[in-house]
Each structure stands twice: as structure tokens, then as C-alpha cells.
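Now for the letters of each chain:
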Amino acid sequence: MNRENISVERWSRLSVGSVAASVAVLLLLAAGPAWFDANVIDQLTTLFIYVILAITWNALAGYGGLVSIGQQAFFGLGAYGAVRLADAGVSVYFALVLSAFMVGLVALPISAFMLRLKTGEFAIGMWVVAALTHLLVNLDTLVRGETGTSLIALNAYAAETRHALTYWTALGAMTAMLGILFALLRSPLGAAIQAIRDDDAAAASVGVRVMRTKRIIFVLAAVGIALAGALWLATTITFQPKTYFSVQWTAYMIFMVLVGGLGTFEGPILGAVIFFAIEAWFGQTGVWYLVGLGAAALLFALFLPKGIWGWVDARFGIRPLPVGRTLRIPVTAIDARIQATAQGTQQMKPVSARDPAL
Amino acid sequence: MIWLNQIVQGVLLGGYYALIACGLSFMYSVMGIINIAHGSFAVLAAFALFVLADRFGVSPFVGLLLVLPAMAAIGWALQRLILQRSARAGVLVPILSTFGLSIVIDNLLFEQFGADTRSLAPYIGSFSYDSWSLTDDIDVGYLSALVFAAAVLVLGSLHLFLSRTPLGRAIRATAEDPDTVGLVGINARLVNATATAIAMATVGLAGAALAMRATFDPYAGAPHLIFAFEAAVIGGAGSLWGTLLGGIVLGVAQNIGAQINPQGFFIAGHGVFLAVLFARLYLADRGSLILSTLRRRA
Numbered sequence: 016m017n018r019e020n021i022s023v024e025r026w027s028r029l030s031v032g033s034v035a036a037s038v039a040v041l042l043l044l045a046a047g048p049a050w051f052d053a054n055v056i057d058q059l060t061t062l063f064i065y066v067i068l069a070i071t072w073n074a075l076a077g078y079g080g081l082v083s084i085g086q087q088a089f090f091g092l093g094a095y096g097a098v099r100l101a102d103a104g105v106s107v108y109f110a111l112v113l114s115a116f117m118v119g120l121v122a123l124p125i126s127a128f129m130l131r132l133k134t135g136e137f138a139i140g141m142w143v144v145a146a147l148t149h150l151l152v153n154l155d156t157l158v159r160g161e162t163g164t165s166l167i168a169l170n171a172y173a174a175e176t177r178h179a180l181t182y183w184t185a186l187g188a189m190t191a192m193l194g195i196l197f198a199l200l201r202s203p204l205g206a207a208i209q210a211i212r213d214d215d216a217a218a219a220s221v222g223v224r225v226m227r228t229k230r231i232i233f234v235l236a237a238v239g240i241a242l243a244g245a246l247w248l249a250t251t252i253t254f255q256p257k258t259y260f261s262v263q264w265t266a267y268m269i270f271m272v273l274v275g276g277l278g279t280f281e282g283p284i285l286g287a288v289i290f291f292a293i294e295a296w297f298g299q300t301g302v303w304y305l306v307g308l309g310a311a312a313l314l315f316a317l318f319l320p321k322g323i324w325g326w327v328d329a330r331f332g333i334r335p336l337p338v339g340r341t342l343r344i345p346v347t348a349i350d351a352r353i354q355a356t357a358q359g360t361q362q363m364k365p366v367s368a369r370d371p372a373l
Numbered sequence: 031m032i033w034l035n036q037i038v039q040g041v042l043l044g045g046y047y048a049l050i051a052c053g054l055s056f057m058y059s060v061m062g063i064i065n066i067a068h069g070s071f072a073v074l075a076a077f078a079l080f081v082l083a084d085r086f087g088v089s090p091f092v093g094l095l096l097v098l099p100a101m102a103a104i105g106w107a108l109q110r111l112i113l114q115r116s117a118r119a120g121v122l123v124p125i126l127s128t129f130g131l132s133i134v135i136d137n138l139l140f141e142q143f144g145a146d147t148r149s150l151a152p153y154i155g156s157f158s159y160d161s162w163s164l165t166d167d168i169d170v171g172y173l174s175a176l177v178f179a180a181a182v183l184v185l186g187s188l189h190l191f192l193s194r195t196p197l198g199r200a201i202r203a204t205a206e207d208p209d210t211v212g213l214v215g216i217n218a219r220l221v222n223a224t225a226t227a228i229a230m231a232t233v234g235l236a237g238a239a240l241a242m243r244a245t246f247d248p249y250a251g252a253p254h255l256i257f258a259f260e261a262a263v264i265g266g267a268g269s270l271w272g273t274l275l276g277g278i279v280l281g282v283a284q285n286i287g288a289q290i291n292p293q294g295f296f297i298a299g300h301g302v303f304l305a306v307l308f309a310r311l312y313l314a315d316r317g318s319l320i321l322s323t324l325r326r327r328a
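Line order of the protein sequences matches chains A and B.
Take the position in the first sequence, starting the count at 1, then add 15; the result is the number in the working numbering.
Take the position in the second sequence, starting the count at 1, then add 30; the result is the number in the working numbering.
Some clues are possibly wrong.
Unchecked claim - Negatives, chain A to chain B, calculated, CB over 10 angstroms:
#	residue
1	W142
2	Y172
3	T176
What the hints assert, rightly or not - Below are the SDA-like pairs computed for lysine to any residue, each with C-alpha atoms no more than 25 angstroms apart in a straight line:
#	chain 1	residue 1	chain 2	residue 2
4	A	K133	B	R202
5	A	K257	A	R99
6	A	K133	B	P292
7	A	K133	B	T210
8	A	K257	A	S126
9	A	K257	B	A218
10	A	K257	B	T210
11	A	K133	A	V221
Stated by the list, open to error - Here chain B is said to cover these stretches of chain A; the calculated rule only asks that three of the stretch's residues, wherever they fall, bring their Cβ under 8 angstroms from a Cβ of chain B:
#	region
12	77 to 88
13	124 to 136
14	262 to 270
15	299 to 308
Hints are computed from structural coordinates only; laboratory data are not their basis.
Glycine residues also receive a C-beta, built at the ideal position from the N, C-alpha and C atoms.
Using the sequences and the hints given, assemble the complete structure.
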């Protein structure tokens, strides 16, 4: 076989086109407040927050193999940090972003020993961290226990300005997280993360620095989710610890990622859109809506663990936003025996073989 | 004296934690699965006893004769329908599927019973508050003592069952190597289903203890899962008796915390869990706490 003709494809015509299209959509969305009314702006802000939640939980679980049931710790801390910073006089929108980075700093020591736990222990261990964080935040007199407090500083803005500013902050945050994760997962670090997920001992044996790599993805996910929490605070203004530190946020993330596609880049974005639509239609049904979310997560985990996008990818091989590598082997270079056996017409299209690990 | 009383009550509370933790660590040691719906199943059993007592006037103690076999049957079905399939799909899927299941159970219970907190205490008469007075400050409740005794009995029986009976040996062998046991004629699926059924029966008993000792509501599953997990991890070292020790450490820490600060009950519990975890991770570098220790027991 002529090795010269085999190539590793990182971009396809489709993916270049879809990345360009995504950039165009994001630019159009940036002009949103000029076109949409306040209600649409609010709805889209919510959607952006869901996308951030979904892609960061997927980065952690789908690529890093770290299933956490305690991500609400960072969601709540992000909002709490924003309340604290705004109370200390930091400009409120800057406080939202700064809070997320400070949560990243808090996540570092947490990662130091939570990441030494395995699978299920890590999952519930994080839940304990979330419960403890919730209790400690409740002790802060500014929060006044479960009564909570508000981000009063936002009142300085007129309603319309506030909605637009929150919208842009959310759009910017989502774009940044998408960009960072796309670049990160395409980098050698992305391959390292997935190698650890599949077998950490084997990854270590080929020189991957397991702990450092896991820590990067853990802290990045914490920052993303803290950003989402701070943004949620900007949309609802009130901060009640019970709401922010609720395990429901993790349930939402798991639903979005499992339905969209665990461990695919496009899937969680799709999952966030699906979740957004389901919530709009069924959110009022309350309990049955939650039963449905849980049942969907259960069924997807059992029967379609790679989600809708995983199925699309396996069935059609469509990858608009590829983070892996696709091996292209031209048919002409394939062993002549195959053609002799096939005796068929020579196909002009290249076949692709995919390495599932990449 | 008030501190001594808190410690005594903490030890008794630890009996309940050991009771609810033993099913969790048992399943983890046999199948390597942490059942996130563990607490929800305990609450489900509590509601089943509540319905029997409230609608049909069945004493909760008699109700257990119905509920425990039902829980065992649910355990069997859980293993065959959900866990078996999940475990095949990798280590992450069981966490996701049992988490989804817990959301379904919690919200179905909420749909059926609403947000009211309930207790089985009214259905067991004065047994819920009768006690022996050891000193002026220290009372030991009949019920607390019974739950503690039940925990010791369950842990002891499980220990004997695993070490002395053929089925117990089959379960331990399956835990070691589920693929190889097939070669010596053990049906790993059957063994796992049996183990899950046993674990679920203990969850049913823990649910009864929970419901008689305290109050519960449809969303009480999550905190009780966390308590069970903490007790199992704290107690990790040694044998099944470690679970009892873990429960006692957790219960005592919580009661002492509560004495210091109204919020202290939960904070001290989580704090002692993290402290033990921290110590163990840095003093002895073990990969998987519960698993490595439970595999070595019996």
C-alpha cells in the first residue's frame, strides 16, 4: 500500500463551511438586541446559558470521563461570587466574569483531591462538595441563609439596557467557551484528555501527564459553569442558595449532554436546544416534566449512550465541527486484492476509516 | 454531660447510617456500581410502609413482611433491566442511568404524595418515644436502640453469609472476576441479581428505620444517599464492620456539630467525611477506597 496517499484529515470542506457559518450566526446574534424584542432576548440569553452548561459538563464527562453530580457547587459559587464582588463595589458585569475566574481558583484545591477519586466515588464526592459549599455560603450574613439576597447593583441599569448587556455577556461567554473548548480539544491536550478517559494507566505510559491534564479540564469546566451561574443571576437578579445549589442543574446538564451526544462536540449544543424547546413546551407541567427528563436520561444512557449526535455521526459520518482526526485512504491506494475481489467499478470517493480513540 | 449525651445519640444515629450504607457498599463491592438511586429506594420503601399503615392500618413492623420481599424483587428487576445493561456500556453509564432513575422515582413520589413531610412514628405508638433513662441527661430511645441492633444484625448476617455460605462465596468470586467465574459454573448474572436483591432488602429496612426515627418527603433520597456514601467511605477500612464504624463516626460528628452551631449538623458530617478522605488519600495512596477495602474483607 502506498503510504504517501494516506492522509490525516483535520478539516473537511463541510467543517470549514460550518465553522464559517457558525461564526456568521454568532455575528448575527451579536446584533440581536437591535432586532428582537425583550422577550426573545431573554429567551436567547437562557439558551446561551444552557449551551455553556451543556458543553462544559460534556467536556468534563464526555471527553474527560469525569462524571460529576456536584457541578451545582460551581454554579452557585459563580452567582454567590458575583453578589459578593458587586457588594464590594466591583462594576456588576465585570463582577460576573471575575467571579467565574475566582471560582476557577477555588476549583484548583478541590481538584487536588477530588480527582484522585474514581468514577462513582468522584461523582458523589462532588455532590458532597456541593452540599458543603451550599451550607458554607448560607453562613454568610450577606446571603441571609435560605432567604437569599439580590444583585441590587443591576438596578443601576434601565431594564432594556440591562437585558441587552446580559444578552451580550452571555453570548460572549458562550462564544468564548465554545472557542476555547474547540481549540483545546483539537490540540494535543484534547487527545491527551481522551486518552486518559479511555485508559489512564496507558495514557500515563505514553507520557501523558494525567493529573495535570485532568486538572485543566476540571478547572475549565468549573469556570464555565460558574460563568453560567453568574449569568443566571444576572437574568433572575435574586440569589436564593437553595435554587442555585440544587442538584437539578446537574440533572439538566446530564439530560442535555446524554440526549445531544456524550463525547461529541456538536451533540451538547443540540441537546441544549432540545432542552430549551422541551422546557418551553412542558416546563409548566412541573413534576411530570422532571419525570420525563429523568426517564429520557435513563433511556438514553441505556439504549443510546452516545446520544442523537453520536447516532448521526455513526450513521452518516457528518462532522461539522471536528475535534478529532479522520484517516483518509484513497481507494486507488488500497490493496489491489480488494479490488480484485470486488471486481466492481472503481469508486471515485475516498473511503474513510476512523480511529475511535481520536 | 450534654456532650456525652450527644455522643451517645450520635452512636445510635450511626447505627441507622450503617444500615443504609451497607447496601450501597455491598453493591459496590460486588458489581463496582454505585447506585445513585439508593436513597430514593429507601424513601420509596418508607412511602410503601406509610401507605400500608395509613390506608390499610397495617403496623409498619408487619408491613416490612410485605415491603422487604417487594424491595428484593425490585432489586432483582433493577439488576436485570438497568444495571446489567449499564455496566456493559462502561463505568460511567451506571452513574448516569441510576441518576436518571433517582429523578424519576423522586418526582413520581412527589406526584403521588406531594411535598408534605411524613413520619411512621404515629403508627408505632409510644415505641417511637419510649426510652431508658441511663442518667438524668442521657436517654436511650427504644427505637434508636432497635435500629442500632438491626444494623449490627444485618451487618453480622451479611458477614456470615459472605464468608460461610456457597452463595456468599459465589458472590465474592463474582466480585473478584465476573468473567472467570463462568468457567467454574457460576452464573454471574444470577449472582449479581441475587446480590442486588439482598442489597435492596437492606435498603427497605433502612427506609423503615428512616421513616420511624425521623420525617421524610419525596426528595429525601438525595441527602440519605450522601449520608450512606459518607458512612461507607469513612468506614472503608477492614471489614463490613468498618461500615458500622463509619456510620458511628458520621453520626457522632453530626451531633457534636449540631451542638456547636444550628447549621453544624450537616457541615460537621461533610467535614469529617472530607477530612477522612483527605487523610486516606494522602497517607495511603489507594485508587478506589471502598472497592479496594471491601475486596479484601471477609
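List in ascending order the numbers of the hints, as given earlier, that are violated by the structure.
1, 6, 9, 10
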